[in-house]
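Participant: What follows is each chain in one-letter form.
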Amino acid sequence: MSEHNDDELFEAKAKGLFDDSVQAIDGQTQSRLNRGRQKALAELARRPAAGVLGIWAPATGVAVAAVVAVALWSGNRPPADIAPASSATDLEILLNEDSLEMLEELEFYSWIELDEDAGANVG
Amino acid sequence: MTARSSVFAVSFSREPSPGVETLQREQELNRFLAEVEKRALRITEISIRDRDEALDLVQNAMIKLVRKYSSRTSDEWTPLFYRILQNGVRDWHRRQTVKKRVIVWFGGSDDEDPDVIAKAPDTAGRTPHEQLESHEAMKDLERALAGLPQRQKEAFMLRTFEGLDVADTATAMGCSAGSVKTHYSRAVHSLRETLGDHW
Numbered sequence: 001m002s003e004h005n006d007d008e009l010f011e012a013k014a015k016g017l018f019d020d021s022v023q024a025i026d027g028q029t030q031s032r033l034n035r036g037r038q039k040a041l042a043e044l045a046r047r048p049a050a051g052v053l054g055i056w057a058p059a060t061g062v063a064v065a066a067v068v069a070v071a072l073w074s075g076n077r078p079p080a081d082i083a084p085a086s087s088a089t090d091l092e093i094l095l096n097e098d099s100l101e102m103l104e105e106l107e108f109y110s111w112i113e114l115d116e117d118a119g120a121n122v123g
Numbered sequence: 001m002t003a004r005s006s007v008f009a010v011s012f013s014r015e016p017s018p019g020v021e022t023l024q025r026e027q028e029l030n031r032f033l034a035e036v037e038k039r040a041l042r043i044t045e046i047s048i049r050d051r052d053e054a055l056d057l058v059q060n061a062m063i064k065l066v067r068k069y070s071s072r073t074s075d076e077w078t079p080l081f082y083r084i085l086q087n088g089v090r091d092w093h094r095r096q097t098v099k100k101r102v103i104v105w106f107g108g109s110d111d112e113d114p115d116v117i118a119k120a121p122d123t124a125g126r127t128p129h130e131q132l133e134s135h136e137a138m139k140d141l142e143r144a145l146a147g148l149p150q151r152q153k154e155a156f157m158l159r160t161f162e163g164l165d166v167a168d169t170a171t172a173m174g175c176s177a178g179s180v181k182t183h184y185s186r187a188v189h190s191l192r193e194t195l196g197d198h199w
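Residue numbers (our numbering), protein chains in the order written: chain P, 1 to 123; chain C, 1 to 199.
There could be a bad hint or two in this list.
[Stated by the list, open to error] Restraint ranges, calculated between C-beta atoms of paired labels, are given here:
id, chain 1, residue 1, chain 2, residue 2, range
1, C, T22, P, D7, 19 to 25 Å
2, P, Q38, C, S17, 33 to 39 Å
3, P, E8, C, P149, 38 to 44 Å
4, P, Q30, C, E136, 47 to 53 Å
5, P, R46, C, W199, 46 to 52 Å
6, C, S17, P, Q30, 32 to 38 Å
7, P, N34, C, G19, 35 to 41 Å
8, P, D7, C, E133, 21 to 27 Å
9, C, G178, P, E8, 32 to 38 Å
10, C, A177, P, Q38, 33 to 39 Å
Everything labelled a hint here was simulated from the structure, so no lab data went into it.
Every residue, glycine too, gets a C-beta built ideally from N, C-alpha and C.
Required output: the full structure, derived from the provided sequences and hints.
Facilitator: If you want it as structure tokens, here you go:
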């Protein structure tokens with residue numbers, strides 16, 4: 001049998017097993033999925049209000065990005081013992097639109113970095 | 001009624017009101033999400049190996065899809081939904097990396113959650129032996145998937161489990177069609193090598 005056919009058999013078996021596992025999802029989990037879906041659909045009713053906010057959303061995003069960039073790279077610099085080497089990664093994560101909630105945890109991440117640096121200086 | 005007023009009445013009645021449009025869109029979205037949610041949950045669960053967290057990520061992806069893309073055509077929803085979900089999974093992995101450092105620092109345990117699929121009743125009318133075989137084969141596959149690089153894992157699950165074509169997988173993964181083919185081919189090769197002929 002050719003390699004291509006073997007691959008197709010493998011994929012078909014994987015798909016069959018996956019479908020079985022989907023069918024095996026319990027009622028409680030399905031109920032939680034249903035509640036999550038209803039919560040998501042409720043967002044449709046809020047969309048007109050969001051539309052008004054939407055006009056300001058790009059400007060707000062740019063403003064937040066600017067503040068974060070300035071805080072990380074120049075003006076409002078953190079104490080010297082917080083590693084600047086990872087600032088670019090931090091900024092990349094923070095500017096990801098799906099990750100804005102990470103802004104709420106900035107203090108925590110700064111603490112982690114500070115803690116790591118302290119650890120690195122020991123010994 | 002004059003001819004002019006009847007034309008107006010007909011054209012007016014053909015224009016759905018905003019309320020009707022919203023209702024129709026809600027029904028379409030409900031059908032789409034209900035159709036995709038269980039597979040999305042399992043794909044996410046396999047990626048992060050935690051059902052509760054996977055439920056949160058799927059719910060967040062559903063909310064973001066409705067907020068940002070409900071006005072798009074329904075054909076676009078599947079790749080957009082999975083793009084949001086994959087971004088969520090990647091963010092989750094980043095956060096876990098940070099959290100694991102803290103757990104290790106405080107000497108906590110990082111054990112896997114109990115196997116929830118094993119506890120689920122069988123709906124396909126199979127014998128317990130067949131169920132066990134199927135379950136064990138799936139666990140082997142999940143373990144093999146866990147050993148793959150993230151992008152290969154994504155390509156394999158979106159193509160094989162969700163059945164997306166190359167173009168939609170590329171949209172979902174935010175990369176080129178060529179990259180999808182490469183990731184997918186490497187994933188299949190690697191999985192077959194790991195699982196062996198007996199699988």
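Participant: Would you mind marking each hint as holding or not holding in the structure?
Facilitator: Hints and how they fare:
Restraint check, T22(C) to D7(P): a C-beta distance of roughly 45 Å breaks the suggested window 19 to 25 Å. Separated by about 23 Å at the C-beta atoms, Q38(P) and S17(C) break the suggested range of 33 to 39 Å. One distance hint, 38 to 44 Å for the beta-carbon pair E8(P) and P149(C), is violated here, with the actual separation near 23 Å. Distance hint for Q30(P) and E136(C): a CB-CB separation of about 24 Å, inconsistent with the stated range 47 to 53 Å.
A C-beta distance of roughly 48 Å is found between R46(P) and W199(C), which places it inside the suggested range of 46 to 52 Å. In this structure the supplied range 32 to 38 Å holds for S17(C) paired with Q30(P), their Cβ-Cβ distance being about 34 Å. Range check, N34(P) to G19(C): about 24 Å between beta-carbon atoms, so the 35 to 41 Å window is missed. Taken as a hint, the range 21 to 27 Å holds for the pair D7(P) and E133(C), whose Cβ atoms sit roughly 22 Å apart.
Range check, G178(C) to E8(P): Cβ separation about 21 Å, and the 32 to 38 Å hint is violated. Between A177(C) and Q38(P) the CB atoms are about 36 Å apart, so this pair conforms to the stated range of 33 to 39 Å.
Of the hints listed earlier, those the structure fails to meet are numbers 1, 2, 3, 4, 7, 9, in rising order.
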